[in-house]
Amino acid sequence: MVDLQSPLGVTFIPGDHGNAAGGVGITLHERTNISLIQVTAWNNTIPTVLTAIGSATGVIVQNKPGHGRVAGEKSVFGFAPGRFMVTGATPDLEQRLRAAISTDLGTIVALTHGRTVIRISGSRVEWVLAKLFALDFSEHAFPVGTGRATLHHDIHTLIQRIDENSFDLYVFRSFARSFWLTLGHAAEEVGYRVE
Amino acid sequence: MIIKCPYCGPRDVIEFTYQGDATRKRPDPSSTDQNLWNAYIYDRSNPAKSHREFWLHTGGCRQHLVVTRDMSTHSISSVGFARDSKHAGDQ
Ligand SMILES: [Zn+2]
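Line order of the protein sequences matches chains X and V.
Under this note's numbering, the letters of the first sequence match residues 1002 to 1196, in that order.
Under this note's numbering, the letters of the second sequence match residues 70 to 160, in that order.
Bear in mind the hints are in silico, worked out from the structure with no lab data behind them.
Be aware that one or more of the hints could be misleading.
Unchecked claim - Below are the DSS-like pairs computed for lysine-lysine, each with C-alpha atoms no more than 25 angstroms apart in a straight line: (1) 94/V <-> 118/V; (2) 1075/X <-> 1065/X; (3) 118/V <-> 73/V; (4) 1132/X <-> 73/V; (5) 1065/X <-> 73/V.
Stated by the list, open to error - For the chain X half of the interface with chain V, some residues (derived, Cβ under 8 angstroms), not all of them: (6) 1066; (7) 1080; (8) 1151.
Where is the CB? At the ideal position from N, CA and C, for every residue including glycine.
Kindly produce the complete structure, drawing on both the sequences and the hints.
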């Protein structure tokens, strides 16, 4: 089987970068070997679809704006009414979801080849993200597990908080290299590690 | 200006796209009254007070919203999903 190539290419340079004086403020990492599936429920099937996602993935989320959960490699979060991003390392994630969610319940779009997921973590993560996104990244406003759909420079990004100091950023694959470079510039000041 | 999206919460206006007057009422499609259609397409009251308008949360949940905004102060008194507003064309 052909391996999925990273869109970051030559711009992915493992090691320490930027201002090293204060230590490593954040770490950047591209999540690979995961499936990304968008599930959309019809207006009247949202609770049923959430149950179906739960049975297919073991991750159950509530029908509340932006609600989500993280369980190891797996994660689910809502980013619009009835729309959920489902991520996991299981190769058959798409088939499992398709088996659980018929067209009577909703639709499934496989985005594995369409999005790139960058994990950003570290003590300065909120500071660095706040340079790009006009969101409140404090934990009371953006709790662990929840997701947000927003923009940086007019380009869509989905964001999920993984833990106190980590976020996953879902960006369009074709913009991923440009975004990666922008993220690097934003992180230079605090010192960052690529791994 | 900050619009409080019912799904996403408060967001900067840069994430939204203005979609026009939400008080217009489409004439009966079978009507051939040219003045009526002309008024529907072109006439806007542009009041210097509270006004209902459509906004799309382009850079967020991508839902169509009905926003009630004071046109002179930009203060927003209500935001809801357009699909919940059964008569978006009514005042
Ligand atoms: Zn929204």
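Here is what the structure says about each hint:
Note on residue 94/V and residue 118/V: the hinted pairing holds, with a Cα-Cα distance of about 20 angstroms set against a maximum of 25 angstroms. Taken as a hint, the residue 1075/X and residue 1065/X pair is honoured in the structure, with Cα atoms around 19 angstroms apart against an allowance of 25 angstroms. Taking the CA atoms of residue 118/V and residue 73/V, the gap is near 19 angstroms; set against the 25 angstroms cutoff, the hint holds. A hinted pair counts as satisfied when its Cα atoms are at most 25 angstroms apart, and residue 1132/X with residue 73/V qualifies at roughly 21 angstroms.
Distance restraint check for residue 1065/X and residue 73/V: the Cα-Cα separation of roughly 16 angstroms lies within the 25 angstroms cut-off, and the hinted pair is therefore satisfied. With a cut of 8 angstroms, the hint placing residue 1066/X at the interface with chain V holds, because the nearest CB-to-CB distance is about 5 angstroms. Contact between residue 1080/X and chain V, as hinted, is supported at the beta carbon level, the nearest pair being about 7 angstroms apart and thus within 8 angstroms. Look at residue 1151/X: its Cβ gets to within about 6 angstroms of chain V, closer than 8 angstroms, so that hint holds up.
Figure legend: structure checked against the earlier numbered hints; every hint is met.
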